[in-house]
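Undergrad: Each chain is listed here by its residues.
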Amino acid sequence: MSADQFLQYLVSGVTQGSIYGLIGLGFTIIYAVTKIINFAQGEFVMLGGLLSFTLAHSAGLPLAPALIVAVIIASLIGAFMYLLAIRTAKSASVVSLIIITIGAAIFIRGIAGELWGVDAVRPPYFSGSTSLSFLGAYIHPQALWIIGTTVVVTIILHLFLTYTMVGKALKACAINPVASSMVGVNPKIMALIAFVMAAAIGGIGGVVMAPFTLTAYNVGVMLGLKGFVAAAIGGFKSPLAAVFGGLLLGIVESLAVAANWGPFTSAYKDAIALIVLMLILLVRSGKLAEEERTG
Amino acid sequence: MMSAGLKSKWAYLAVAALLAFLILVPFDWFLGRYTTLMIFIGIYAIVTVGLCLLMGYTGQVSLGQAAFFGIGAYMSAILSKTYGVNPWLAMFIAAVMTGAFAYIIGYPIFRLRGNYLAMATLGLGLIVWVLFRELSHFTGGPDGMAGIPYLSLGGFVFDSAFRRYFLVWFFCMAVLLISQNIVRSRTGRALRAIHGSEAASESIGINVAQFKVKILVLSAVYASIAGSLFVHHLRFVSPQPFDFLASVKLVVMAVIGGLASVWGAIFGAGATRILSDEILLRFGQWDIIIYGLILMLVMIFMPEGLFVKLKEVFNRLRLRYRQKGAES
Amino acid sequence: MRNYLKYAVVLTLLAALLALGGISCSGSEEGATPTPAATEKPAYKVGALFSITGANSNLGLPEKETVDMMVEKINAAGGVNGHPLELIFYDTETDPAKCATLATRLIEQDNVLAIIGPTGSPESLAIIETVTTAKIPLISCAANIGIVTPVSERYWVFKTPQADKEVAAEILRYMQAKGITKVAIITDTNAFGAGGRTVLKRDAVNYGITIVDDQTFASEDTSMQSQLTHIKGTDAQAVICWSTDKPAAIVAQDMKTLQMTIPLFCSHGIANAAFITNAGAAANGVIFPAGKLLVVNEVPATDPQKDVLTQYKADYETKYAGKKASTFGGHAYDSLSMVVIALGKIQEGLTTAATRQAVRDQVEKIQNFVGISGVFTMSATDHLGMQPGSLALIKIVDGKWTWLQQ
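Chains as they are written, first to last, in this note's numbering: chain Z, 1 to 295; chain W, 1001 to 1328; chain R, 2001 to 2406.
Just so you know, the hints here were simulated from the structure itself, not pulled from any lab data. Treat the numbers as computed from the prediction; the structure is a model and nothing was measured. Glycine residues also receive a C-beta, built at the ideal position from the N, C-alpha and C atoms. Keep in mind that a hint or two might mislead.
Unchecked claim - Calculated pairs, BS3-like style, for lysine-lysine (alpha carbon to alpha carbon, straight line, at most 27 Å):
(1) Z:Lys35 with W:Lys1309
(2) Z:Lys168 with Z:Lys188
(3) W:Lys1309 with Z:Lys90
(4) W:Lys1081 with R:Lys2135
(5) Z:Lys237 with Z:Lys171
(6) W:Lys1214 with W:Lys1009
Stated by the list, open to error - Computed footprint of chain W on chain R; a stretch qualifies when at least three of its residues, placed anywhere within it, have a C-beta under 8 Å from a C-beta of chain W:
(7) 2102-2113
(8) 2301-2310
Using the sequences and the hints, build the whole thing.
TA: Okay, here's the thing in structure tokens:
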């Protein structure tokens, strides 16, 4: 493998990884604040993409307003999902709430299939499709948008959680909901904010990746799956960890293709990536357990 | 949280009524047209019982149960079709191998705390599914394998839906009764203690990891048996019924039925299959929209699951009758 | 007092169960349309199994739309020999197990005379046993040649889409003529792609072509750049992509991003407008074999398919405004047409079992049926029956399909 090729594998891996990380952010926020695994996270991404397609392509809105409106609509759907489905479930167990998110995901997917049909669509590129050369590797301009958006969103999220009141309240709720409710943090409001934020981030992810990855009513399943893995590697704890998890997944997948080792052709890339990541988890949790014992 | 349940006379009556109903179903003058549907309900109920136990006691979500279901299915299919092994022996071997596999991966998985279990089971499910798809020399690849033989006892071949129905439900009832026994036994009590507090259980000498692995192995064996019954009914196997979405559907079945009792498995499997295979057939593309909606509504209004809700309704009716009886 | 209550409840339960059974037994059959008045001839019921949800939905939906359109047209013209045509459709959700259950339902509860579809190969393979045991003809719309071979074991099964072997042959023949000797293949891991991969790996050598790289991807993957980077590192002179349109569009785009200049050939899986829309500029120069429907304007008037293709395209695009006719819908057109031809020739008033046998026999006797996918002549030894010349090698130029005349 030449240096150029290796760099290309990395670039592709980082692009995919940014996609996964961005989706993983959404999972992490909702899980951290409510302990729910939101199976509808992938659908928010799908909605972002399809909405931006309709607004930018079919309705002919200029690009920036179309994207903003798409993200707003996705966020509203997230809010509705929380208010109508999750909050009305009152004191259901976490597992039951997870099933509600599964039902919501299926429902949203079905409605999308009715509204947008079954064919894949491509919203317009943000800045064209002429590939850019970078130290011997090529990168699509949309991929730069994806990576850039992931970086920006992660930084903003990190700053938000660390320095703003609402952000700190969210973190407090994540760490200890009982204690934080005693100091005046309303867990229900926090949960609503978490869902809206996750839907917004999902929508942002959707609008920025759809021109690159194409979008259709059923992309939410796989995207959600990869984002979940990214968040899981990050321990569902912090946005940085989720993005890191996503990047790791993307890069390992890419290198698995590069390796093409014996019978393990590119068909096995998903399996190989998961095995590698789970081994990492195992080693890390072993170290964590040791720290807990000795620390 | 699984409860041991009281041995009330109503419980016995309910089981008796259920058995009577089940025995009558496949007859043409009763509900014979639904025999195939009931076969699938029975098969999925077997997997769901194992999943109920696993999720009910470990308190975590398993997102890869379809892997065990698939391993049982493929092993039965490959052994009985390609290698001509007796299907019963194949089923036994498959169950043992699946259980062994669960045992080997169980310890490392349960070392992963908290939500890593969901991730690990997800990963397991995906990896196994990729293997089903790619080891095409053995599995037939994405097109699958046809021509799997029927099960037979001596000269009695299970070649009609009627016969297979009784076979499947025999296994299903056996699995339910065994599981109910476990729930009431020492193991069940230990498992409830673990669910209550792992730290406390450790302190009184319960080996938490060992119990969790045992439950995983048991759920894997159940799923494997169900998988074998599945391929000997369909006479075809492909990777599709064992993908990630299949694992999710199994979780839905378990929770809809209710994690509090193993009997919930029948209701969970039954309700979801009846919904998707009977009621929603004529809705075209709206079938998944309505399915999602019903799923949400059921979980919002019956978060403990159907079985618990049915018991609640039954108890309320009983109280009302008792009050009326007391007044008269 | 309580004991009597208990027995009363038990008896009521049992009575209720029996009553339920009684009601369900005498209940009417579930059918798509109400039964016609006594003076009309009984409807001919045909079962249709397509995947309008799940992975194959973009193939299954045009298939369903096509048959709906055809049934309307046929019934408006008086049905088949005066019998209304009744289509009973179920969505298989791209699930072979569900498909098997639905097939049983069509056979035993809906009492259909023949089944058309399913959309996908695993689903079709899953029900071969079922239709053979039930003795009902099946005309599949799926790709795998294993559906109709070995024909001695496929007495009841027919299919209408081209065999992968013929599609691959078109590509490989063209490459051989152009002096290409080294290709890289990149295929979907699903049944469709795996089938193409098998055929390519087996047949390439017959055309003097070596496969220097064999890459795969999952249908829902969002980028194939890694696989293409690997291909770029080999001395491949062309790339063959075997998948449906969405991943193929991503392959085309990624090749452009990586500035790969070698030509891209695709399978008939990209034979719909969505590929061009989604691949954009990257679609230009792509060559693929497909039914002549896509280049119907270039089909000469002497071609027997010209009229049928033009009519189908016009009908479909009128009824489903905004959509473009695709070859997938064409497979369903061919399947249903053959069943209708068979129904038109059978004796009336036979039992269901005898009718199913008669329909099967008539389908097998079909000669020179001019369909959308090609011209069909079935026989006891060939249940695909597609005559040579049914495929057109198409090149995308300026966003349009053009026929690459050889």
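Undergrad: Which hint numbers does the structure go against, in order from smallest to largest?
TA: 6, 8
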